[in-house]
Structure formats: C-alpha cells, structure tokens
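**Student:** From first to last, the protein sequence lines are chains A and X.
Each residue of the first sequence is one higher than the last, beginning at 1 in the numbering used here.
Each residue of the second sequence is one higher than the last, beginning at 1 in the numbering used here.
Hints should not be assumed to be uniformly reliable.
Claimed, not checked - Quick list of in silico lysine-lysine cross-link-like pairs, DSBU-like style, CA-CA up to 35 Å:
1. K356/A x K101/X
2. K318/X x K135/X
3. K154/A x K122/A
4. K599/X x K320/X
5. K158/X x K356/A
6. K101/X x K360/A
7. K158/X x K324/X
8. K308/A x K265/A
9. K154/A x K318/X
10. K204/X x K360/A
11. K65/A x K534/X
12. K499/X x K319/X
13. K528/X x K65/A
14. K262/A x K122/A
15. K285/A x K320/X
16. K528/X x K319/X
17. K285/A x K122/A
18. K494/X x K318/X
19. K360/A x K528/X
20. K135/X x K311/A
21. K360/A x K86/X
22. K612/X x K528/X
23. K213/A x K311/A
24. K65/A x K426/X
25. K86/X x K40/A
26. K319/X x K40/A
27. K265/A x K426/X
FYI, nobody ran anything at the bench for these hints, they're computed from the structure.
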Amino acid sequence: MEKAKRNGLVLFTDYQQGSAVKKAVTLTRDDILFELREAKLKGRGGAGFPTSTKWMLTAAAIADKKYIVCNADEGEPGTFKDRVLLLEYPELVFEGMVIAGYTIGAEYGFVYLRGEYNYMLKSLNDYLAMMRKENLLGKDIAGKKGFNFDIEIKLGAGAYVCGEETALIESLEGNRGEPRNRPPYPVNRGYLGYPTIVNNVETLASVPHIINKGGEWYCTNGTDKSTGSKLFSVSGDCEKPGVYELPWGTTINELLDLVGAKDTKAVQVGGASGVCLNQEQFGRKLAYEDAGTGGSIMIFNSKRSMIKVLKNFMEFFVEESCGQCTPCRIGNRKLLEGVEMIEKGTFTFGYINSLKELAKTMQIASKCGLGQSSPNSFLSILENFDDEIFHSKGNGVSHVN
Amino acid sequence: MSTNNNNHRAPVSQKPLKVPKPQDTTTIGSMISIEINEKKFSVPFGTTILEACRDNQIYVPSLCHHEDLCIAGVCRICVVEVEGMKTLQASCAFPITQQIKVKTTSERVRRARRHIIDLMLSEHYGECYSCVRNKNCELQNLAGEYGVDGFTFGHPEKPVFEIDRSSYSVMRDMNKCVLCRRCVRTCIDIQEVGVLEAVERGDKTKISTFFDRPLNDVICINCGQCINRCPTGALFTNDPSDEIWAAIDDPKKHVVIQTAPSPRAAIGEEFGMPAGKSYTRELNTALRRIGFDKVFDTNYSADLTIMEEGTELLLRLKKKLVDKDDSVKLPQFTSCSPGWVKFIEHFYPEYLDYLSTAKSPQQMFGAITKTFYAQESGVNPEDIVTVAVMPCSAKKFECNRPEMTDSGFKDVDYGLTTRELAKMIKEAGLHLPELPKSDFDDPFGEASGAGLIFGATGGVMEAALRTAYELVTGREVPFENLRIEACRGFEGIKQASVKLENVKTEWKFLEGVDFKFVVAHGTANARKVMEMLKAGELNDVHFIEIMACPGGCIGGGGQPIPTSPEIRKLRAKAIYEEEESLPIRKSHENPHIAYIYEKFLTDGPCGHISHKLLHTHYTKRGDFIV
Ligand SMILES: Cc1cc2nc3c(=O)[nH]c(=O)nc-3n(C[C@H](O)[C@H](O)[C@H](O)COP(=O)(O)O)c2cc1C
Ligand code: SF4
Ligand code: SF4
Ligand code: SF4
Ligand code: SF4
Ligand code: FES
Numbered sequence: 001m002e003k004a005k006r007n008g009l010v011l012f013t014d015y016q017q018g019s020a021v022k023k024a025v026t027l028t029r030d031d032i033l034f035e036l037r038e039a040k041l042k043g044r045g046g047a048g049f050p051t052s053t054k055w056m057l058t059a060a061a062i063a064d065k066k067y068i069v070c071n072a073d074e075g076e077p078g079t080f081k082d083r084v085l086l087l088e089y090p091e092l093v094f095e096g097m098v099i100a101g102y103t104i105g106a107e108y109g110f111v112y113l114r115g116e117y118n119y120m121l122k123s124l125n126d127y128l129a130m131m132r133k134e135n136l137l138g139k140d141i142a143g144k145k146g147f148n149f150d151i152e153i154k155l156g157a158g159a160y161v162c163g164e165e166t167a168l169i170e171s172l173e174g175n176r177g178e179p180r181n182r183p184p185y186p187v188n189r190g191y192l193g194y195p196t197i198v199n200n201v202e203t204l205a206s207v208p209h210i211i212n213k214g215g216e217w218y219c220t221n222g223t224d225k226s227t228g229s230k231l232f233s234v235s236g237d238c239e240k241p242g243v244y245e246l247p248w249g250t251t252i253n254e255l256l257d258l259v260g261a262k263d264t265k266a267v268q269v270g271g272a273s274g275v276c277l278n279q280e281q282f283g284r285k286l287a288y289e290d291a292g293t294g295g296s297i298m299i300f301n302s303k304r305s306m307i308k309v310l311k312n313f314m315e316f317f318v319e320e321s322c323g324q325c326t327p328c329r330i331g332n333r334k335l336l337e338g339v340e341m342i343e344k345g346t347f348t349f350g351y352i353n354s355l356k357e358l359a360k361t362m363q364i365a366s367k368c369g370l371g372q373s374s375p376n377s378f379l380s381i382l383e384n385f386d387d388e389i390f391h392s393k394g395n396g397v398s399h400v401n
Numbered sequence: 001m002s003t004n005n006n007n008h009r010a011p012v013s014q015k016p017l018k019v020p021k022p023q024d025t026t027t028i029g030s031m032i033s034i035e036i037n038e039k040k041f042s043v044p045f046g047t048t049i050l051e052a053c054r055d056n057q058i059y060v061p062s063l064c065h066h067e068d069l070c071i072a073g074v075c076r077i078c079v080v081e082v083e084g085m086k087t088l089q090a091s092c093a094f095p096i097t098q099q100i101k102v103k104t105t106s107e108r109v110r111r112a113r114r115h116i117i118d119l120m121l122s123e124h125y126g127e128c129y130s131c132v133r134n135k136n137c138e139l140q141n142l143a144g145e146y147g148v149d150g151f152t153f154g155h156p157e158k159p160v161f162e163i164d165r166s167s168y169s170v171m172r173d174m175n176k177c178v179l180c181r182r183c184v185r186t187c188i189d190i191q192e193v194g195v196l197e198a199v200e201r202g203d204k205t206k207i208s209t210f211f212d213r214p215l216n217d218v219i220c221i222n223c224g225q226c227i228n229r230c231p232t233g234a235l236f237t238n239d240p241s242d243e244i245w246a247a248i249d250d251p252k253k254h255v256v257i258q259t260a261p262s263p264r265a266a267i268g269e270e271f272g273m274p275a276g277k278s279y280t281r282e283l284n285t286a287l288r289r290i291g292f293d294k295v296f297d298t299n300y301s302a303d304l305t306i307m308e309e310g311t312e313l314l315l316r317l318k319k320k321l322v323d324k325d326d327s328v329k330l331p332q333f334t335s336c337s338p339g340w341v342k343f344i345e346h347f348y349p350e351y352l353d354y355l356s357t358a359k360s361p362q363q364m365f366g367a368i369t370k371t372f373y374a375q376e377s378g379v380n381p382e383d384i385v386t387v388a389v390m391p392c393s394a395k396k397f398e399c400n401r402p403e404m405t406d407s408g409f410k411d412v413d414y415g416l417t418t419r420e421l422a423k424m425i426k427e428a429g430l431h432l433p434e435l436p437k438s439d440f441d442d443p444f445g446e447a448s449g450a451g452l453i454f455g456a457t458g459g460v461m462e463a464a465l466r467t468a469y470e471l472v473t474g475r476e477v478p479f480e481n482l483r484i485e486a487c488r489g490f491e492g493i494k495q496a497s498v499k500l501e502n503v504k505t506e507w508k509f510l511e512g513v514d515f516k517f518v519v520a521h522g523t524a525n526a527r528k529v530m531e532m533l534k535a536g537e538l539n540d541v542h543f544i545e546i547m548a549c550p551g552g553c554i555g556g557g558g559q560p561i562p563t564s565p566e567i568r569k570l571r572a573k574a575i576y577e578e579e580e581s582l583p584i585r586k587s588h589e590n591p592h593i594a595y596i597y598e599k600f601l602t603d604g605p606c607g608h609i610s611h612k613l614l615h616t617h618y619t620k621r622g623d624f625i626v
C-alpha cells in the first residue's frame, strides 16, 4: 500500500528504534510475561491464542535449544497488513522476535516470508545487518551479557497451507508443507523437535509497544476480551481500500463508513476461511468474541453474485488443501461441486443439506485449521444469502437457469 | 538425477511422536486415569487414545493407522470426542498425557465417520467382486460396519488412472487408493527405499513414484511390503496363476512345484485359521489335487544353499587368513533375499563383492530341477514347468532376471505367492485345513530343519552355523537342542559370536577364531548395517545375514494380509516348532544332499558344476535408473 505516514493507535505510531529491546533486557522473563498477560495480547494470525500463554509454555519447556518463528506467510486472501508492517515497521517485528528470544531463552529466530514478498528480502536483510551493527542482534545484545540472538529470513514456496504453523515448520525443515498431528504442539516440539514459538508478524510487532508502555496502557484500546488495536486489510467495493489500524470492537458499519463503502451487500470477515455477513449483521463488532478476523475484510456491493463469490473461495480451498486428510481433500471438492450445481440450477435441496452436514463434519474432523475453516464461507454464504441464492429470479445476479 | 535422497526421508510429522510407554507401570506417574464412554480406565502415560480403547476392548475404527508404522493421522476415521476440545481428535495420533474424557461413538463422531467413508467411496473406483482384496479389505469392512447404504457423495463411473503393470512383482491400481499413505510410510520407514511418495496437493494429491515413472523403472526392490500394509486392493502382486493353470491343463507339460518354508506357516490364515500353525503336509495334498506333477520342498535347496554358501565363506576365510589375499571381501553377506539383493545393487553397488555368489534356494531348485531332476526322471527339461511357492513378491522379479537361465532354460518359470496359491486352492474347491497329510516327492524328499528355519530372520545364520561349526570342529554347535538363540527373535540388528576351538586339523587356521556374525531384517536395518560396514565398524565380522522383509520371509510381501509384529511372531513360532519335530536338523546331514554331490555336483560344493548352476553374479544398478 501507499507509503504515506499512517495515523494509528499503537502500531502506526512513532517508535524509537531499539528502545524496547534495551528496556526488555533490564527486565526479568517473568516481568515480560506479566506485561503480556496484563495486555491480554492474543495472536493476530487468526486463531487468537493468548500470546503470553504461548510464550510461557515455551519458556517452561525443558530443552537445550528453542526457536522463534515469525509467521510472515500472509496467505489468507485479502490480507496484506503484514506486508505493510514489514515494509514500514520492520523494527517492531524484529525487536518483538528479539524480546521473545530473551523471554524464552531462544538464540535463533526465523522469519518465514511469503514467496511473493521476496522483493523485500534485500531491505529486510539490510535492516538485520544494521541491527547487528547496533548490537540489537548478535552477541550480548544491548549490553546484556550472555543474551545472544540472531534472525534469518527464509522464503516460503507459495502454498497457503504453509502459513499453518506446523506445516510452516515442516517447510522450514525442508519437507513437504503438511500440517502435523497435535498434540504435541510446537511450544513443546516444534522446529527440529525443539520448543518453538510461532507468532504472526503483527503479534510480534505489538510486543515492543507493550514493553515500553505497559500492559495496562495497551488495554485502554479495544474491548475487554479483545484488547488493543488491530490492522485490517480492507479490499473490495469501497473508495479507500488499504490497511487501517482500528481498535478492536469497531463495528462493521463504522468500518464501512470509514473506507467509503456504499451499497454494501456483504462483508467477508477473515478472508476465504472467514464468514460472510449480510446487512443485518453489520452492527456486529470486529472482536475475537464477535466477528473475529486475522485482518482481512472484503467488501461486496449489491452488484456481486454471492454464488460466484463463494465459488471463488471454494476453488481456492480445493487447490490449497494440502491433500493429507480425507475431509478436507475430498470434502472441499464436494462443496465446490455443490456450488457449481447451484450455479447451474441442477441441485436438489436434499443434496445441499447433505453438503451442509458434510461441511460441519469438515469443521470438526479435518486435521488442521484449513479444512476446519474452509466450510465457513460455504455455510455462512448459503445461510446469510439464502434469498439471493435460492429464491431470487431475474434480478441480474441470478444464477438459477 | 538421483531418485532418492537419504536425508529427510521421513517427514518429522510422520515419525513417531508418541511418548514412550514406561517399562515399569507401577512407578508413580506412569499410569494415568481417563474416562472412555463414561467408564474409568487406567492407562500408561503416553498411550494413544486408540491403543487405550483397544486395550480395553472398545472398538474404534482405523485406516491409516498400522501397528508397524509411525503415526499419520490422515484418514480421520478414528476421530473421537475429547471433552473440552472443540474439534474431534484423531485417536490414533493423540497421546494421553493428562486426564481426559473421551467419547467414541457420539452423534458427531458417528456422522463424521460415515461422512469420511462416503467421501472415500466417492473417489474409489473398483468393484469388490473382481478385486484381489474382496473379503479382506479394510475399506470394504468400514463401509459394511458403518452403515453405508448408498453413495451419498457420488461414485466414479470410470477409472482415472491406468493400472501400472510394469513390474514383475508389484502392480498399482491407484483408482482404488484411499491415500492412507501406509505404502509411503512402509517404503520410507521400514524399508528406507523411498519409491512411493504423495505428490501434488489438494484434490490432485496422489501416490506416485519418481517423475511418475512405472514401478519397473524406479528403485523399487520388489519387497511387496507396501502391498501387505495397503488396506485396499490398490497394490497387489503380479499373479501368474492363470498361466500355471494353463500349464497344468496342458498334458505335455510336467509341472513341478517347490514350496518355501514360510508359506506353509502362514497359508492357514488365508483359510480363516489363526496365525501360528503350519500346514506343510496338508499343502502337499492340496498341490497334488490341484494337479501339480511333483511337489518338492524348497528346504532341500536351502540345505544346498547352506553347503554352497558355507563352503564359499570358509574358502574366503582361508584365502584371507592363510593365503593373505587381501582382495577377498569379508564379511560375506547372504544373497537369498532378492529384495535385499536389489537393494544392495541400487544403494551400495560398490559392495557387491561382499555378497555371496550362491543363488537363492528358489533359483538353485529351478536349475537343479531342469538338469539333475530331468536327467534322473527322464523328463525332457523343455517340458518341465517350474513353479515356486514363495512368501515373497521379489521372487517374481528374481526368477525373471536374465541371468537365471543356467539350466539352459528359464530356471524357475513362475514365482507364486502364498496369497495367490491360496486362491488356486480355493478355486480347486479345496479347504486346506481339512485335507489329509502327505509327504514331499522324491528324489529330493524330506529336507532338514535347518532349511525350514530359513523362513525366519536369523534362520539362515543358524542353519549355516550348525553346519559350518560342525564341519570345522567335528562337533555339534554347543547349544541346547541346536537352538542358537542369538540368531532368533525380532530385534532389528543382532550381533553375536561363536568361538571356534579344538578345530579339525584341516581348519587349523580357524583355531581360536571368534566367529562373528550379524543378522538384520528389513532394509532400513540393512542400510544401518551397510553404514556400519562403511564406517569400519564391522571389520572383524565374518558373516552377515540380511532379509529384506521385517521378520524375514515369514513377513514377506506375498504372505497373508494383515501383518503385524504379533502375527509374524506366531508364524516364526510355527516354524521353530515344526523344525524341532524333524528327524534331521542339519543341512549336511540331509542324505539327499549327499546324494546330489555324489551323483551330479561331483566336484563338490563351490566346484565347477555348482559354480555354473548354483552361483550367480550381480548388477551394479546404483540409484540411477537409465
Ligand atoms: C491454513 C492456515 C493458514 C494460515 N496462514 C497464516 C498466515 O499466513 N500468517 C499467520 O500469521 N498465521 C497463519 N495461520 C495461523 C497460524 O497457524 C498460527 O496460528 C499463527 O501463526 C500463530 O500466531 P499468532 O498466535 O501470533 O496468531 C494460518 C493457519 C491456517 C490453518
Ligand atoms: S485440513 Fe486440509 S490442509 Fe489441513 S491437513 Fe487436512 S488436507 Fe491438509
Ligand atoms: S479395494 Fe476394497 S472396496 Fe475397493 S473394490 Fe477392492 S475390495 Fe472393494
Ligand atoms: S515393493 Fe518395497 S521397495 Fe517397492 S514400493 Fe513397495 S515397499 Fe517400496
Ligand atoms: S496405495 Fe494403498 S497403502 Fe498406499 S496410500 Fe493408497 S490405499 Fe494407502
Ligand atoms: S486411523 Fe487415525 S487418522 Fe487414520
């Protein structure tokens, strides 16, 4: 997106490079974990797992090595906020990793960078070199004796599923990017079997501000359960698409106003794996406890055909499933075929109901988050746009022949 | 380009992630109490939910899970509810490390299972009645058990993949594949060959070979272990039974069959009998009733192998120790497992000189049948058809090796597996367990017990030791009832030694030698042995037995399905029990062996005639396929 200076709440504010790392090394591990817990920071990659818990579990794991992985795979359709952070605020991301290393006792971190972002590689590596010079990476960081940490950037190979943390680790290890069985979780057995933190770019970027200003300050934004701010990647039918930093709890209506969206019919919250809301639901809040999202907001106006929107999503999943487990590998194909039947008007309601049941099975029986969330748009679009899809005729968006 | 990569063979996700079960379950913390279907149980820490259920007689279905293999967690048929977790959990992959409450048949679970079966069937092209696995198929069973009464999500009308019939041994019909990946794990983990791999993703995922080449064009060692672990009819052997029937029906042909030791210890399973009982003599009757003209015992040529291979070893030792000939390669490796032979040809071609030049018992028998037997019986060798009943799929490849024609004909015409023979017996209207017993035919007749134990890992070594030790010292091996326990059991790699003392004068150079041997089974273990050899750790070892299949031939790729550590143990037990009941238990004491050396192989073991007929050479294949 445009490089202009952004106005924001937390992430898009001024930051003194190195300040958080310098402060962190004067704190104990417990102090840092305490601040994170106070801040109630939750993962920004989509699942919303409490970051302090993840770090605590990794810190408590007994092992001779531990790793920090920054998940910069950003593969969810409609998401581009991590790109902005990496381009404009790399100091926040990298320092978040350094602080994580300090907290759990890791000496090495990886940034797993989406293949398409390789154009950033040079500038990011230059930035890391600069950090090494400034003693924000390397040995005895910020003067703290015995605290060593370095960061390496690895390029992904373009599979959406490699954003899933265990598939990402497989890919880092040089294997086919397929999700692992859990438990054990990466916090106990991650990269090469060592305890590993995998955090989203934005999660890590939030850490330096929390260290500098405290957990309590962080909670002044957002809701009780969703504290702080969130970056939203807004795309689709609106005047001002882009990345916005907003407090959690913002309603969809408020967001639509802000981005200049008119005549909005549907909002897909959370990318292809998220849910699609209709006008009646635009009063809902963007928050973990209501409409949760890793940041992707796609806006569709009244001219869009929802069945086409859905078909697009399902085609995406049919292709991007890693193909390991039965419900996801075959299930997504069946859902897509169902959508095509609806499009052609060759469906029966009985069969669509069978597919809805199947979709529910996929949500609970698939091996990883991809298969568990791929039916979300299928179920929500068929339910929330039932009229348009099954009952409308001749209104320009019909698909029933 | 190389077709295999030794590093990173098995993705970590597919390596066992189980917490090891405690040895001593009485120590505090080693047991954990859980609730399954509202009943309380105490299970060892780290047990998977699936194991915990099965150990307590609660049946949970599985498909991608296999006792011999690491966890995959991909089919999802075994899902159960774990209280407090939003999603269902794959019970085969879930280690119990805290107190949990499990439900195995809730409404959500039952529906998920049926959906999963429906989905698999929607991609499965095949008709049970024409399938090799009809009545012994895990997919068919699941469909039967979980109330599948129609194709909810459709059913393919025509095949998508061409059947790969390129291999002499293993055929692949990917239209029946359910992508459980057991074959992949077998080939990578148990065999460390790595021919099969899941390629592509999404709904295009399939099991394939290097660049999708046919199986005869990749480094497959033909062991058939993948077949034995495939839950469906997607993998099967190249069945020659129609040709064999035709030969039997042809009055001009004299059809001779030899039966290896392992099939008889397992074939009962094909007739619904529990594992662990041999049907040697019932089998003889069955074969005669089917119409074979002669029924011979492969153990006879196993005895012959011991004579040839043992002599070869002693000659190598003499050359090395007495003649100080450093070009002689030691340790000597056994060569009777064709899977292992192909393995070393591909992966360690620079070590082929370590391999005994002795042919396998199957091939020796073929060569002898079409020469000595033809001569003795007056049958024109051109009219003889030799069939070998083997536990093995690689034997099919072996009998088709171009060099295996030393009799002037194809030495062995057909390799027939235990499973394929069972079908022939059924087709002949016979129920094996009920048949009367009968003996093997002359001139080879009864063989020794030493030949019989070839069927289990360590058996060749034990048989060789019984003969070599006695040859060298003039005394029986110093073990109770001739049982050389160091050779027995299922440890992956066994190492032991026997001291040679008070040797006969002609073997003086062996006085005081600690005869060291190694026994390994499964080519993953073979690879370890080869790496040890490369690292110089086996320099003082004299003899190494390697069998390509886990457990040895009793676990061969042509044996009844299913297989498991327990089943292989029972088959081995059947063999060892049968052998103790035999009157002759040392190869060199087999009178028929003495007879052939007197009448036919007149210049003795490793002499000219036996070199021509009973020894062979190998091909440097490497991991490059041209
Ligand atoms: C199919 C799939 C794709 C994912 N892609 C991403 C991604 O691109 N970036 C990301 O940060 N998390 C992604 N995740 C979530 C990660 O698995 C993981 O939860 C996250 O990296 C944890 O970081 P957090 O706790 O900081 O959110 C994905 C999950 C799934 C199931
Ligand atoms: S849910 Fe989909 S992406 Fe995840 S493991 Fe299964 S097949 Fe692979
Ligand atoms: S593989 Fe199993 S289900 Fe499929 S046709 Fe064969 S027997 Fe039937
Ligand atoms: S026969 Fe053996 S080597 Fe060949 S694919 Fe099967 S397991 Fe692998
Ligand atoms: S070929 Fe058989 S073992 Fe291999 S994945 Fe397919 S069904 Fe499973
Ligand atoms: S048997 Fe557990 S997932 Fe296949």
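**Student:** Does K318/X lie within 35 Å of K154/A when you go C-alpha to C-alpha?
**Tutor:** With Cα atoms ~58 Å apart, K154/A and K318/X exceed 35 Å; violated.
**Student:** For the pair we were handed, K65/A and K426/X, check the Cα-Cα distance against 35 Å.
**Tutor:** Cα-Cα ~60 Å, so violated.
**Student:** Is K204/X close enough to K360/A, meaning Cα to Cα at most 35 Å?
**Tutor:** OK: K204/X and K360/A at ~23 Å, within 35 Å.
**Student:** Between the alpha carbons of K213/A and K311/A, is the straight-line distance 35 Å or under?
**Tutor:** Judged against 35 Å, a Cα distance of about 46 Å means the pair is violated.
**Student:** Run the distance test for K318/X versus K135/X: straight-line Cα separation, threshold 35 Å.
**Tutor:** Violated. K318/X to K135/X sits at ~55 Å, over the 35 Å cutoff.
**Student:** For the pair supplied as a hint, K285/A and K320/X, is the alpha-carbon distance within the 35 Å limit?
**Tutor:** 85 Å, violated
**Student:** Assess, step by step, whether the Cα of K285/A is no farther than 35 Å from the Cα of K122/A, and give holds or violated.
**Tutor:** 39 Å, violated
**Student:** Given the hint that K599/X pairs with K320/X, does the C-alpha gap stay at or below 35 Å?
**Tutor:** It holds: about 31 Å lies between the C-alpha atoms, which stays within 35 Å.
**Student:** Sort out whether K86/X lies within 35 Å of K360/A, counting only the CA atoms.
**Tutor:** Given pair K360/A, K86/X holds - Cα atoms ~12 Å apart, limit 35 Å.
**Student:** Are the Cα positions of K356/A and K101/X separated by 35 Å at most?
**Tutor:** Holds: K356/A and K101/X sit about 28 Å apart, inside 35 Å.
**Student:** With a cut-off of 35 Å on the C-alpha distance, tell me whether K154/A and K122/A pass.
**Tutor:** 12 Å, holds
**Student:** Does K86/X pair with K40/A here, judged by a C-alpha cut-off of 35 Å?
**Tutor:** It holds: about 22 Å lies between the C-alpha atoms, which stays within 35 Å.
The structure is inconsistent with the numbered hints 2, 7, 9, 14, 15, 17, 19, 20, 23, 24, 26, 27, although it conforms to all the rest.
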